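Protein chains: 2
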Amino acid sequence: MSDDRPVLVIGCGLIGTSLALALTEQGRTVHLADAVPSNVELAVSRGAGSADSVDDPELVVVAVPPSVVADVTLKALADHPEAVVTDVTSVKTELIDTVERSANAGRFVGGHPMAGKERSGPMAAAARLFEGRPWAIVPTSSSAETAVMLVTAVAESVGAVPRRMDAENHDRAVALVSHVPHLASVAVAGLLNDAPEGALDLAGPGLRDVTRIAGSETGLWIDILGGNAGEVRRLLEALRTSIDRAIESLDTDPAELSGLLDAGRAGSGLIPGRHGGASERLAVVYVSVSDQPGELSRLMADTGESDVNIEDIRIDHELGRLVGQVEISVLETGADTLVDALTARGWAAHR
Amino acid sequence: MSDDRPVLVIGCGLIGTSLALALTEQGRTVHLADAVPSNVELAVSRGAGSADSVDDPELVVVAVPPSVVADVTLKALADHPEAVVTDVTSVKTELIDTVERSANAGRFVGGHPMAGKERSGPMAAAARLFEGRPWAIVPTSSSAETAVMLVTAVAESVGAVPRRMDAENHDRAVALVSHVPHLASVAVAGLLNDAPEGALDLAGPGLRDVTRIAGSETGLWIDILGGNAGEVRRLLEALRTSIDRAIESLDTDPAELSGLLDAGRAGSGLIPGRHGGASERLAVVYVSVSDQPGELSRLMADTGESDVNIEDIRIDHELGRLVGQVEISVLETGADTLVDALTARGWAAHR
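Chains as they are written, first to last, in the numbering used here: chain A, 1 to 351; chain X, 1001 to 1351.
Think of the hints as simulated: they come from the structure by calculation, not from any bench.
Some clues are possibly wrong.
One-sided excerpt, in silico: chain X residues whose CB lies under 8 Å from chain A [to be verified]:
1. Ser1142
2. Leu1192
3. Leu1200
4. Thr1211
5. Arg1212
6. Ile1213
7. Ile1222
8. Leu1257
9. Asp1262
10. Gly1267
11. Ile1271
12. Leu1331
With beta-carbon atoms standing in for the labels, derived distance ranges [as the list claims (entries may be wrong)]:
13. Glu1100/X <-> Asp340/A: 43 to 51 Å
14. Glu1082/X <-> Asp340/A: 26 to 34 Å
15. Asp1056/X <-> Leu282/A: 45 to 53 Å
16. Ala255/A <-> Val1036/X: 20 to 28 Å
17. Ala1266/X <-> Ser258/A: 28 to 36 Å
18. Val1036/X <-> Ala266/A: 25 to 33 Å
19. Arg345/A <-> Asp1340/X: 28 to 36 Å
20. Glu82/A <-> Pro1196/X: 49 to 57 Å
Please read all numbers here as calculations on a predicted model, not as lab measurements.
Don't be surprised by glycine CBs; every beta carbon is placed ideally from N, CA and C.
Could you build all of it, start to finish, from the sequences and the hints given here?
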């Protein structure tokens, strides 16, 4: 990016404000706009940029809800004839089709940062929201290569990992990795409304994992799912086929569930590791921790001094006890080192 | 428990060995048995107890796979006429029915600790495996109250939270909180086997959460699901109805998805908080962390010194970057204190 022309962010929600914060931190001049004036005020108060109107932006980021993104994008392309325009919405085919019917498709490049939070709005924004997250870069059939490079550079500059793909592949991918998993989580969580008395007392971390994303906002999801109805429908039908197979196996021979269970195990192993490549092996080190103040901090400090990089931490404590076991994920190659280091410092640590 | 009579643990897998370790730590005399002699050797080598045959145990814990639990339980009741016998398997109705047809049902109390790990076997065992976990206590219709009290006391002594219920309610509850969520996770993960090229590059933490439990061992699950086929089938049909509704809404009017999405959101809110009561509110504090060695340890130490209890930690870093944002869950009432404390120490922390 050249640094002398400003960036305009239209839409001061979580994503727009986070991006504005990150670009402002880089020293870019960022202007903010939103149909709701108080959102701009809040974003400005967070230091995300200026509410002044903008002259000749290099880039316009349309960070508005899916229901209005097409209109706002077309208007942005018309209002700022020298600007590259991008968006951040979760579904791409319809938007790209619409923009391609305009005269300005060469200056538009679709974008979709795979980042979010349980809270929305400008006050939840964070400059580092995009750190390490995939960011789909979705050109139109006539996007200028310089425009694609600009949007890619912006994604990289805020720590995201750009993934270039066409609209159809994008929508198929997000149906698989986001939209259908969301609906499955919602369907499982919905069953809990009819839980018999006392049943949820037996809930463990597995149920919490499966239903965590079901807790998010409803309105945005209707737009997302409706905008990707074809792909979502196709995968929901595949999901229903699996459930039908499971019901049938339970009726006839539970051993036939093994095909479904094995396929699930294989599929879960295909998700790229937290560490980039698809297959770096993580190992879990289990550490027993007592219910003492500062115990967790001491464990983290001891873990840090072991020189083994922590990939993930899960603390499994519930039902009235603060701390029981801590699961520390590290690369397979560092697990024994960590167990030895923690054991030497008096922790009960196992692989 | 009286401390002068020994405990016999039959089955030196993850659960049996973990319980034996915990009871040995308490100073109990624990004897170990397993159809596979090397499992006993491994458990003994971990310090879980003795391989010697036992005389007059106070308690026999049958910690064998579901497929053999009924036979082993009946034999244990016959072999040890003065002992209380309990088990640890995931499904209860059939076992309780079988035991109730024997003359010894008064000395049997079913048990089910809601604890597990991604690894199985005696080497994965840990004395604190049961810390804070629910432990279903499932009497027969003729269980002596002293027997129920003994099994309840054992569960409490290893840190678990006993939940007394009958077999039917137990099996209905675990179908809801464990078996059907497991199958849903498996079904979603199975879809990933047909992922188009590049699609999984867009995977985020949501997909990882939903599919995490799909990675576990297949064999045990066939036994569990087959043993609870009736309840699992009923809930799978309810799940299928939700998916049918979603497909129908996508075809006609996506706005109709709101019923499903709202029900999911409500259901996920019913899961008891990590802190005992059903409704203590957790808040998430987001902290930006750079990719520096020791950074996480420093954050944990600073968090510890804030005097706010950490309820959970999630580290969201992936795709080649070690660390981006850390999510620290604390009670709602402590969130602002933590943000202030971390900000004062130079961290970029937000709610």
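Tested hints:
1. Ser1142: At about 22 Å, which exceeds the 8 Å cut-off, the nearest Cβ of chain A leaves the hint on Ser1142/X violated.
2. Leu1192: Leu1192/X check passes; min Cβ-Cβ to chain A is 4 Å, inside 8 Å.
3. Leu1200: With Cβ-Cβ at 6 Å, under 8 Å, it holds.
4. Thr1211: The hint holds - Thr1211/X has a Cβ within 8 Å of chain A, the shortest such distance being about 5 Å.
5. Arg1212: Nearest chain A Cβ about 5 Å off; hint holds.
6. Ile1213: This hint holds: Ile1213/X lies near chain A, its Cβ roughly 4 Å from the closest one there, short of 8 Å.
7. Ile1222: holds (5 Å)
8. Leu1257: holds (5 Å)
9. Asp1262: holds (6 Å)
10. Gly1267: holds (4 Å)
11. Ile1271: holds (5 Å)
12. Leu1331: violated (11 Å)
13. Glu1100/X <-> Asp340/A: 43 to 51 Å: Holds, at about 50 Å.
14. Glu1082/X <-> Asp340/A: 26 to 34 Å: violated (44 Å)
15. Asp1056/X <-> Leu282/A: 45 to 53 Å: With a Cβ separation near 46 Å, Asp1056/X and Leu282/A satisfy 45 to 53 Å, so the hint holds.
16. Ala255/A <-> Val1036/X: 20 to 28 Å: Hint holds: Cβ distance 22 Å, inside 20 to 28 Å.
17. Ala1266/X <-> Ser258/A: 28 to 36 Å: holds (35 Å)
18. Val1036/X <-> Ala266/A: 25 to 33 Å: Holds: the Cβ-Cβ distance is about 27 Å, inside 25 to 33 Å.
19. Arg345/A <-> Asp1340/X: 28 to 36 Å: holds (31 Å)
20. Glu82/A <-> Pro1196/X: 49 to 57 Å: violated (36 Å)
In summary, the structure is inconsistent with hints 1, 12, 14, 20 from the numbered list given earlier, while agreeing with the others.
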